[in-house]
Amino acid sequence: MQIFATFEHSTFIEVAISQLEENGVQDIFAVPLDNRVEERKLFDTIHRSDGVSLTQTGLFLAVAFSTIGASRGFVLDWGPIYWGLIGAFFGFLLGFLFDLVVQRKRIKKEKSLKGKASEVILIINCEESQKKQVEELLWDNLALGVAKISG
Amino acid sequence: MRNFTNTNKYRRYRADVNSFGVVTIHKRNPYIIALWSIAFPGFGHLLLEKYVRGILLIMWEIFINQQTNLNLAMMYSFTGRIESAKAVLDVRLLFLYIPVYLFAIWDSNRTTVELNKIYLLVDKEDARFNSFSINAVGVNYLEKRNPFMAFLWACTIPSLGQLYLNRIILAFFALTWTVLFVYQSHFLEGIHYLIVGNIEMSTNVLKPQWLLYIPSYYFFTIYDAYMNTVENNKLFEKEQRRYLKSHYQPTNFKIRKGQKVK
Numbered sequence: 002m003q004i005f006a007t008f009e010h011s012t013f014i015e016v017a018i019s020q021l022e023e024n025g026v027q028d029i030f031a032v033p034l035d036n037r038v039e040e041r042k043l044f045d046t047i048h049r050s051d052g053v054s055l056t057q058t059g060l061f062l063a064v065a066f067s068t069i070g071a072s073r074g075f076v077l078d079w080g081p082i083y084w085g086l087i088g089a090f091f092g093f094l095l096g097f098l099f100d101l102v103v104q105r106k107r108i109k110k111e112k113s114l115k116g117k118a119s120e121v122i123l124i125i126n127c128e129e130s131q132k133k134q135v136e137e138l139l140w141d142n143l144a145l146g147v148a149k150i151s152g
Numbered sequence: 040m041r042n043f044t045n046t047n048k049y050r051r052y053r054a055d056v057n058s059f060g061v062v063t064i065h066k067r068n069p070y071i072i073a074l075w076s077i078a079f080p081g082f083g084h085l086l087l088e089k090y091v092r093g094i095l096l097i098m099w100e101i102f103i104n105q106q107t108n109l110n111l112a113m114m115y116s117f118t119g120r121i122e123s124a125k126a127v128l129d130v131r132l133l134f135l136y137i138p139v140y141l142f143a144i145w146d147s148n149r150t151t152v153e154l155n156k157i158y159l160l161v162d163k164e165d166a167r168f169n170s171f172s173i174n175a176v177g178v179n180y181l182e183k184r185n186p187f188m189a190f191l192w193a194c195t196i197p198s199l200g201q202l203y204l205n206r207i208i209l210a211f212f213a214l215t216w217t218v219l220f221v222y223q224s225h226f227l228e229g230i231h232y233l234i235v236g237n238i239e240m241s242t243n244v245l246k247p248q249w250l251l252y253i254p255s256y257y258f259f260t261i262y263d264a265y266m267n268t269v270e271n272n273k274l275f276e277k278e279q280r281r282y283l284k285s286h287y288q289p290t291n292f293k294i295r296k297g298q299k300v301k
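Protein sequences appear in the order of chains Y and P. Start counting the first sequence at 2; every next residue gets the next number (the numbering used here). Start counting the second sequence at 40; every next residue gets the next number (the numbering used here).
A hint or two may mislead.
As the list claims (entries may be wrong) - Taking lysine-lysine and the DSS-like style, the derived pairs with C-alpha atoms no more than 27 Å apart in a straight line are:
id, chain 1, residue 1, chain 2, residue 2
1, P, K48, Y, K117
2, P, K66, P, K125
3, Y, K132, P, K301
4, P, K66, P, K183
5, Y, K117, P, K183
6, P, K125, P, K48
Everything labelled a hint here was simulated from the structure, so no lab data went into it.
When you get a sec, could you build the whole thing from the sequences and use the hints?
Here you go:
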């Protein structure tokens, strides 16, 4: 019996392997996949991040505008804190839009990859009798997909 | 205890997980790093994980800024009161400021370019590195973290984002200055008066010399926390791929050609 499973990168894979070994399943083959370059995202998630998020220019311009805003606030009606916050918000928005325009050209080129990505394939050789146990163990450790091959 | 002892087999290492944090070599944009150095000398170096240089430059900046009333002069200049700006600037130390300021910008930009080259070599060599540390100071390891949570916590009080990443030295450093800046600038008092609707009182209570440190400081700690969460996650993946490839690809493993069953 051979069992295939796919995972995202996380500590769960190593937990799964360790539990399999504890249960006497020793014949394991792991294939980390090279994933297709995916759509660049505005916000990085725990599993996917390309580092080209739209915050890098925004946060810098927030600093610049908020410093000037807070300074000017000392002579303006609303005071330094409101003007500092307005400056920060305006600066962030400006940088965000700038990045959006620049990144959009790249986004268009790359087709989107929706949903979760399989990043690692595990292939496990086990006895017919262990089938159920192994499968449950894989699901419990957040496998994305599992397939069992007879023979 | 560490899970890797240097064998002198490798020329360069990608990262090191130690009690005080995770130090990583990764690609950075030289212009973004230079811009952070413009915002506050030393920030660029902190982003490059050159902590001693960064911390020294930051302490230098605050010292010289306090001595010369630079922030106050900036506030007067931005509000068109040039005469007041001239009057308040202390020229005794002012000219010490400029070369160090420009050096911080130039050096952080140059170092980024150099580190990016080293990154290319490091990535190619793909050497094993220490990825687990446990000792009297505590335990540290690679884990996947949520960049959005890093962003949110960093938005509350500067230093929490660094604490989330177990960047102990930077977290402590950031928190110390945050308390000092907030206290000396009367920032929270200012907010208090805004909440009760007294804008004039709020403006009067704020101290511009200390207040002007806050924007750059606040947004820097957010950027640093977010960027490093993303990079730590990438490091986690690279380390795990390396581990799986070296431990779970036996040459005698055979793929069976059976039927898929339920």
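Going back to the hint list, which numbers does this structure go against? Hints 1, 2, 6 are the ones this structure does not satisfy, whereas the remaining hints hold.
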